[in-house]
Structure formats: structure tokens, C-alpha cells
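Residue numbers (this note's numbering), protein chains in the order written: chain Y, 1339 to 1655; chain P, 1339 to 1655.
Hints were generated in silico from the structure; no laboratory data involved. Values in this document were obtained by computation on a predicted structure and should not be read as measured data. Fair warning: there could be bad hints in the mix.
[Stated by the list, open to error] Okay, the calculated beta carbon distance ranges per label pair:
(1) SER1655(P) x ARG1489(Y): 50 to 56 Å
(2) GLU1456(Y) x PRO1518(P): 18 to 24 Å
(3) GLU1351(P) x GLU1574(Y): 39 to 45 Å
(4) ASP1593(P) x ARG1459(Y): 50 to 56 Å
(5) ALA1366(Y) x THR1575(P): 37 to 43 Å
(6) ARG1653(Y) x GLN1491(P): 45 to 51 Å
(7) ARG1489(P) x GLU1456(Y): 35 to 41 Å
(8) GLU1351(P) x ALA1606(Y): 46 to 52 Å
(9) ALA1490(P) x GLU1344(Y): 37 to 43 Å
(10) GLU1456(Y) x ALA1341(P): 32 to 38 Å
(11) ASP1357(Y) x PRO1577(P): 31 to 37 Å
[To be verified] Chain P side only, calculated, beta carbon under 7 Å to chain Y, not exhaustive:
(12) HIS1412
(13) ALA1453
(14) ALA1462
(15) SER1466
For every residue, glycine included, the Cβ atom is placed at its ideal position computed from N, Cα and C.
Number of protein chains: 2
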Amino acid sequence: MGADLERVEARIEVAATIDLPFVSALVADLVQAGGKRLRPLLLLLAGRAYMYDLDRLVTAAAGVELLHTASLIHDDNIDRSALRRGRPTLNSKIDSSAVILIGDYLFAQSAMLAAATENTRVVAIFASTLSDICDGQLREMFDAHQLDQGRAQYERRIYGKTASLFAAAAEMGAVIGQAPPAHVRSLRAFATDVGMAFQIIDDVLDLREGSDTLGKPAGQDLRQGTVTLPSMLFAETLPQGDPRRACLDRVISGDEDSEKVIDELIAAVRSSGVLDTATNVAADFVVRAKNHLNVISDAGSRELLEQFADAALSRTS
Amino acid sequence: MGADLERVEARIEVAATIDLPFVSALVADLVQAGGKRLRPLLLLLAGRAYMYDLDRLVTAAAGVELLHTASLIHDDNIDRSALRRGRPTLNSKIDSSAVILIGDYLFAQSAMLAAATENTRVVAIFASTLSDICDGQLREMFDAHQLDQGRAQYERRIYGKTASLFAAAAEMGAVIGQAPPAHVRSLRAFATDVGMAFQIIDDVLDLREGSDTLGKPAGQDLRQGTVTLPSMLFAETLPQGDPRRACLDRVISGDEDSEKVIDELIAAVRSSGVLDTATNVAADFVVRAKNHLNVISDAGSRELLEQFADAALSRTS
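One chain only, chain Y, in its complex shape:
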């Protein structure tokens, strides 16, 4: 898929060109900072199992990646994150109003790429996914600082925030490939489960790894008051009255200022075993994901998709 991903890269580069001197360098830098292009890869893999309409697949894949980039830009602005992928985020470099507009501009470019597929279903998937992502991000914001919340609430949030775009990528690939409707549904279900696993691992890594690996400080979610699967599981392990529960509550509520206390809490989460438990939940999602691949007759494509699912689980950054 290397050569095809390079075509996606080239398409992204062209789409993200903007004729404004100061902004253009920023946007190019941001878009090229890259990430792993997982969503384009997933889209191409889903298409590969059917009619491989390369030009449309590349166009849609570039659109999906730019949609992802745009939503990261707005999300960084919300989180006020100073580092993303080990580089300073856009919002730490320029005024936040420009950041909003640059995000909007990239949304526009991604919409143009979706439109350029000239496939109304691809466009409909694109639009509803943008809506799902916003829904997930709004829920993350309004669910924040409340330790007491159920697993369903968490799953709905990470579906919107992350899994919806994985689902969209696979569905677009299958739709462009003119896969039969049942296959489109299966690929979407596969990618949804992979996306859920991906986000759970993200939430685990946020607590397990330090700046060196992730390019951002550890425990960001806790510091921002975002409840994730590991912190939910940790709370469940603690008996009523355990002082660590009160501490977790204070940190999630945003009432704990001491870095030392937060670091100790992170250490307690790490040694509690909940990171392994959460990883097992992610692994279950990957098992379910793979079951959806039975419909695919092309063994080569199926194997690549299985590898994709495994990689979401075993990643360390």
C-alpha cells in the first residue's frame, strides 16, 4: 500500500495549500507533521477487498485525513495542549482565533475532497461523521470533571471522538469499491470496534507513557478532568473510604493543584493493574472486530485488515 499512501500524501499536500504567506507555512507544517495516516490506510484496505478505484479512494482517503487533522486542531485549541505528536501545537504558536479559522479551512478542504469523489454516499458519510465527531467532543467537554459516570457514557463519547472516523474510513472504502451492502456494514462494524480499541489504548498510553514516547506529558486526561476507562476501572477497585478515591475525585474535579499529588495518583493507577484490565477490554474489541471480517472472501485483504486491528492494540505511541 506504500505507493498508494504516497499518492494520498501528495493529495493532502495539494489540498492543504493556502495562498496566504504566514498561514501557508503553518498549515503545511501541521499537515505534514503527519501522524501515521491510519485512517487513509484503513480506507484503502477496505477498498482493496473490492473494486480498487484508486483515484476515488485516494481522494476520499485524503479527505478523511484532513478531517482528522482539522478536528485535532480544534481539539488542541480546546484542550490548550502545548504539544501534539511531539511538536508544539498550532495554538501554542499563534492566536487562537486564527487556529479556529485554519481548522475551518481544513474542514472545507476535506469536504471538497469528499465532494470530489462525486459519490453522494461518501459525502453523506463524511457529513454525518463530522457530526458524530462534534457530538463526541461536546460530550467529552460536558461530561468532564464528573467521576461518577457509566461505561456506556464513556463508550458513546469515544465512539464519536475516535471510532466514528475509523468507521467512516472503512465504509467509504467499501462504498467506493462497490462492495455489497452487507459487506459495507461488516467493514463499518469492523472499523468501529477497531476504533474503540484504538481509543482505549490511547487512554491507557496517556497514563502509562511519559513525554518521551507520546510527545506530551503523562496523565493529560486526568489533569483535564476527562474520565477514561482506566480511571473508571481504578475508581471501581477502590473500597469506599479509600483516600485514593477522594484524591482521584479531587483531580478529576480540577480541585487538585499539586503536581506531586497528581504524579502519585498516576503511579497508583499504574501499579493497580487497571491498565492491563483496560488493555484486555481493547483486546476484546479487536476480537469482535475480526469476527466481522468473515464476509470478506479475499484472504489477502482480510489478513491486512487483521494486521491493522492488531496494530491498533499493540501500539506504544
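Chain P: place on chain Y using the hints.
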């Protein structure tokens, strides 16, 4: 068109529904605050001259209006405007991160409406217009605080910021109506010129009217360092060395803090006659706009479009 506009209104209301208690009331309030629904009206009028596919026209019209609303939300966030249409803006009520996401959410809903027309050209127009709007807003930001700029720079900016969505509305209406290509181009050209006139009048009103009429304080553009046609014309009337030029320069540069000095400058602009000159420039755009209507054979539709153009010019708020 009243009944059809009510259908647009109903479609907007449904599309802007969000299943999040706190946000939902804010969004409903914002979307219903309304404005004049000029862009939906223009879209319906353009469609009226051809095949009146009401359901698709209503869907596209609702999409255009929500795109407009979303871009206002991000723009208010950028301007930090406290009042819009006489009501407190969203960003004066809640945290700016939520504002960004609510804007994104409405972008998503507008994209879904565009997709729901199942017309790939409508979707393509939608996406490229979003790009044009961002381009205009980014230029407004990066051109700010510089008094020395040419008319072309101003026109490019207001094309992106305002005229592009007028153009898109008319083009979508004509495309959905299956108008011949030459008619689509003419209607787009008509609406572009009307949109230019509309924005110039906006810039005149910003200086001419006070809070009572506009629902926001007078001279906002000057205070934000945005150079508009009236301020460009005012600068041109002043001989080199005139102290009012230095004052204008200071205000545009953001180096003047005295409200009294700014108010005096606004009074000087008002009495200089440049507001009339700018209004004449807008009137010229409307004349050019109407010339594009010659292709339309249906006299009733042509007349309604002419009235629309006149209204853009004669409005006082």
C-alpha cells in the same frame, strides 16, 4: 415565498436539534434568533425561475443558512463580539471551547443537509464556499491593522466573507432547478454582485448606525482594526499631514485607547460624505447584478430577484 421559507425554518429547527441538555437550548436560541433568512430566500428565488423541486430547494436552503450561522458563531468568537442581532452572542454566554464545537456541529449539520440533496454539484458548491468563507475570514484577520491596502484586497476579502455564500445560494437554486449552464453562471454572477453590495452596506451601517439599530455598538470595524471601504475612502479624502489621518492610522493599528477620540473619528467619517460615496459603489454593484438577470425569461422571478437586490442596498440594519 412565505410558506416555503417556513418550510426552510422547520428544516433548520430539526437539523439544529442536539441531544445534549445544556447545549441544545443554546443552539436552538441561536439558530432561531434568526436574522432575515436572506440566503435561503435567494436560493428559493433562483430555483423558482426553473424547475421548482421544492423539497431539495428547502433542504439546500436550510443548509446554506446553517452554514451562515456556523460561520457567524466562529466569527463572533474571533471578534469577541458581545452582541449580535441585539442578543448576547454565544461566546459571551459560555466558554469559548464549547463555542468552537457548537460552530463545528452546525457546520456538520449544514454539510448533512447539502449531502441530503443527493446532488454532487450542490455538495461541491457547498464545500468550495466553506473554503471561500474561511479564506475571506483569514484575510480579514491577517489584513487587519494595516491602513494601507488596495481596493482589490478589500473586495477579495468581502467576496470570501459574504458574497461567496450569496453566490452559492443562487447557484445551488439554479442547479437544483436544472437551469441551463449559462443561466447558472448568470445567477451566480448576479448573487455575487448583490453580496458585494450587501457587505459594503454592512460596512457603511457599521459606521452610520448606533446600537439601537444594529444591535451592536457603532464603529466596530474601526475598533477591531478592520479596514473597510468607508475607512479607505476617508483616508483618500485626507491630505497628507492631516491630523485625522494619523488618528485613523492609530485607531486601525489598535494604538488608540480613548473612546472619545474614536467617537470623534467616527463623527468625522460620517460628516465627510464617504458613507454616501461607499453607498454609491454598492449601488453600482446592484446595477451590474441586475444586468445578469437578462437571461431569465420568467418576468415574475426576474422581478423578485431585482427586488432582492434593491433590498440589499436600501436596508438600514
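Supplied contact hint for HIS1412(P), tested at 7 Å Cβ to chain Y:
holds, 5 Å
Range hint 46 to 52 Å: satisfied by the CB atoms of GLU1351(P) and ALA1606(Y)? Check passed, 49 Å falls within 46 to 52 Å.
Cβ separation of SER1655(P) and ARG1489(Y), checked against the hinted range 50 to 56 Å: holds, 51 Å
Can you tell me whether the CB distance of GLU1351(P) to GLU1574(Y) sits inside 39 to 45 Å?
Check passed, 42 Å falls within 39 to 45 Å.
Tell me if the interface restraint on ALA1462(P) is satisfied: Cβ within less than 7 Å of some Cβ in chain Y. Holds: closest Cβ of chain Y sits about 4 Å from ALA1462(P), inside 7 Å.
Hint status (Cβ of ALA1453(P) to nearest Cβ of chain Y, threshold 7 Å)
The hint holds - ALA1453(P) has a Cβ within 7 Å of chain Y, the shortest such distance being about 4 Å.
ask   = Given a hinted range of 18 to 24 Å, is it respected by the beta-carbon distance of GLU1456(Y) and PRO1518(P)?
value = holds, 21 Å
Q.
A range of 37 to 43 Å was offered for this pair. Does it hold for the Cβ distance of ALA1490(P) and GLU1344(Y)?
A. Given a distance of about 38 Å, which is inside 37 to 43 Å, the answer is holds.
ask   = Is it true that ASP1357(Y) and PRO1577(P) lie within 31 to 37 Å of each other by Cβ?
value = The hinted range 31 to 37 Å holds for ASP1357(Y) and PRO1577(P), with Cβ atoms some 35 Å apart.
>> Between the beta carbons of ALA1366(Y) and THR1575(P), is the distance compatible with 37 to 43 Å?
In response: holds, 42 Å
Starting from the range 35 to 41 Å, see whether the pair ARG1489(P) and GLU1456(Y) falls in it by beta-carbon distance. holds, 38 Å
Next item on the list: Mind checking the hinted window 45 to 51 Å against the Cβ distance between ARG1653(Y) and GLN1491(P)?
Entry: holds, 47 Å
The structure agrees with every numbered hint stated previously.
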